[in-house]
Amino acid sequence: MVGKGFRNLLFLALAIVALAFPSPISAAPLGEGASFSVEREPPPITPPVLLAFEPPTEIEARDLPNDAGNSVIITWRRSSSALEDVRYTVYFSEGVAGPYKPLPFDFRPIGFDDNLVIDNLQYFRYERANRDYQYVIMDFTAFDAAASETYDRELKEYKKQQKLGNPVGPEPVLYVYDWSDLYFKLGITTNSAVRLFDGPPLHAVPVAQWFDWSKFNNLVMAAAFLVVILFFIETARRRKFYIRRIAGLDAVDEAIGRATEMGRPIFYLCGLDPMTTVSTIAATNLLGHVAKAVANYESQIKVPCFDPIVMSVCQETVREAYYEAGRPDAYNSDNVFFITSDQFSYVAAVNGMMVRERPAANFFFGYYYAESLLLGEVGQSTGAIQIAGTDSNVQIPFFITSCDYVLIGEELYAASAYISREPKLLGSVKASDMAKAVIIVVLLLGLVFSVALLVGALGNGANALGGLGEKMEYFMELFNEHI
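Residue 486 in my numbering sits at position 12 of the sequence shown, and the numbers go up by one each step.
Hints in this document: simulated from the structure, not taken from any laboratory.
Predicted, not measured: the structure shown is a model, and the values here were computed from it.
Glycine residues also receive a C-beta, built at the ideal position from the N, C-alpha and C atoms.
Any given hint could turn out to be false.
Derived DSS-like pairs: lysine-lysine, alpha-carbon spacing no greater than 27 Å straight-line [stated by the list, open to error]:
#1 K630 to K575
#2 K910 to K634
#3 K910 to K689
#4 K766 to K898
#5 K714 to K766
#6 K714 to K575
#7 K766 to K776
#8 K910 to K898
#9 K659 to K575
For each label pair, taking beta carbons as the anchor points, the in silico distance ranges come out as [said to hold, decoys possible]:
#10 P521 to R627: 29 to 37 Å
#11 P529 to L577: 15 to 23 Å
#12 R830 to V868: 26 to 34 Å
#13 D588 to E645: 38 to 46 Å
#14 Y597 to A620: 21 to 29 Å
With the hints as extra help, turn the sequences into a complete structure.
As C-alpha cells, then:
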C-alpha cells in the first residue's frame, strides 16, 4: 500500500514538473519549411462606401501666410463624390514613414460644403475657381497644448499613486513635438471607419511673417483717420464748428445756480472704474469745468471717490479749476476724498451723505454698475437736480428713469468739447463723426455689392444687379492678377 501510494505521488510530482517547465524540444528553432500561426486582431475593414469615394486632387500643404509662424494650411480640390455621412479628416505622423495617427486634439471633420477657399479672403484672393477648393488650418500650438494637458494628467496620477504607496514607474516627462517633423495625410471618415488617401505625405514648415498683409487695410484706414483728425483740428482753430446742442450740459449752470441760491453743496461722482478707462477720463475733464463754474458762483462741490488714484487726479483738477477762476483761497482739499473700494459700501456711504446733507445737484459721470439705480433713486428722493452721463449701455435706462438729464453714450466724450470749445477736442469730435459717416456709407455699399456678387454668381447677369456683380468679379480677378 505504501509503495503504491508512493508511486502515485511520484507520478503526480513528475506531471506537475512537466507542466511547469516546458520541454526543450518545443523551444527548438523551426526547421526549414516549418511554420506556425499566431492569432492576431483582424485589420479594420474599410466600408465599400469609402472605397468607392473618388479622392480629391491637388492636395498640398504650405505655410499659412500672415501668421506668427505656428500654422500650416492644407488645400485640395473638391472631389466629385459627395456623400451625406462622409467627412474629410486629417491624420498626422512624426515621420515620413508613419504610422499616421488621429490628431491629439479635438478636430471637427469637414463637410463637402465647409471651409471653401472663396469664403476666406484673409488668406486667399478672390477668384471664381476657388469655389472648387477647400482648406484646413493646422495650428501646431494645439499639439503642444495637447501634450501639456496629457503631461499634467499623468503627473497628477503619478503623484496620487505615489502618495498612496503604490508602485510607480518613472516620473512622467513633458513630450515636445518637433514642428519640422510633422507630416499629414488627408482622408475621409464616417462614424466608424477612416480611409486615408494614397500619395506622398503632406509636409510644410511654418514660417513667421513680419507683417500681416491681411490687415493692411486697417493701417490705411488708421492713417486716413489720423489725417482727418489733424485737418479738423486745424480747421477748428480758424473757424467755429457747430456741435449739436446737449440739453444736459446746458442745465449745468442752472443746477449750480440753484445750489448757490439754496446754500447746499453739489455732489460729483466719477464712476467706479479706474483712471485708465475712457469714461473716467471724460468724467474728470467735465469735473474741471463744473468746479470752475462752482468757484465762480462761490458754491461748494464735494467729490466722493471710489478709487484712490482717481481721487488724486480729481484733487488736482478741482484745485486747478479754482486757480483758473481766481479763487484759490476757496479750495478745500477735504471736499475731494476717498471712501472705499468696495462697491456697495461706497454706495451706502454716498447715499447716507446725500440724505443727511441734501445736495441741490448731483452729477453722475463715468462708468457705473448695479449701483446706478441706488444712487439715482436716493438722489431723486432728496429733491436734487440730477445730471448723469455714462457709456454703460446697461445702466443708461436706470439713469434715464431717475435723473433729470442724461448724456447717452458718446455724448459723454463730446461733453468736454461742447463746454470748452477747445480746438483739439472739437477736431477729434468732428473727425469721429466723419469716420462714422464713412463707415455707414461703406457698409451700405458693401451690402449692395455683396448682393450683386451673389446674383451674378447665380448666373443672373441679365438683370442690372447681376450684371454689376459679374463686372465686379471680373475687376477683382483682374486686380488680383496684377498685385
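Each hint tested on the structure:
{"no.": "1", "hint": "K630 to K575", "in the structure": "holds (25 Å)"}
{"no.": "2", "hint": "K910 to K634", "in the structure": "violated (59 Å)"}
{"no.": "3", "hint": "K910 to K689", "in the structure": "holds (20 Å)"}
{"no.": "4", "hint": "K766 to K898", "in the structure": "holds (20 Å)"}
{"no.": "5", "hint": "K714 to K766", "in the structure": "holds (23 Å)"}
{"no.": "6", "hint": "K714 to K575", "in the structure": "violated (71 Å)"}
{"no.": "7", "hint": "K766 to K776", "in the structure": "holds (13 Å)"}
{"no.": "8", "hint": "K910 to K898", "in the structure": "holds (19 Å)"}
{"no.": "9", "hint": "K659 to K575", "in the structure": "holds (10 Å)"}
{"no.": "10", "hint": "P521 to R627: 29 to 37 Å", "in the structure": "holds (34 Å)"}
{"no.": "11", "hint": "P529 to L577: 15 to 23 Å", "in the structure": "holds (20 Å)"}
{"no.": "12", "hint": "R830 to V868: 26 to 34 Å", "in the structure": "holds (30 Å)"}
{"no.": "13", "hint": "D588 to E645: 38 to 46 Å", "in the structure": "holds (43 Å)"}
{"no.": "14", "hint": "Y597 to A620: 21 to 29 Å", "in the structure": "holds (24 Å)"}
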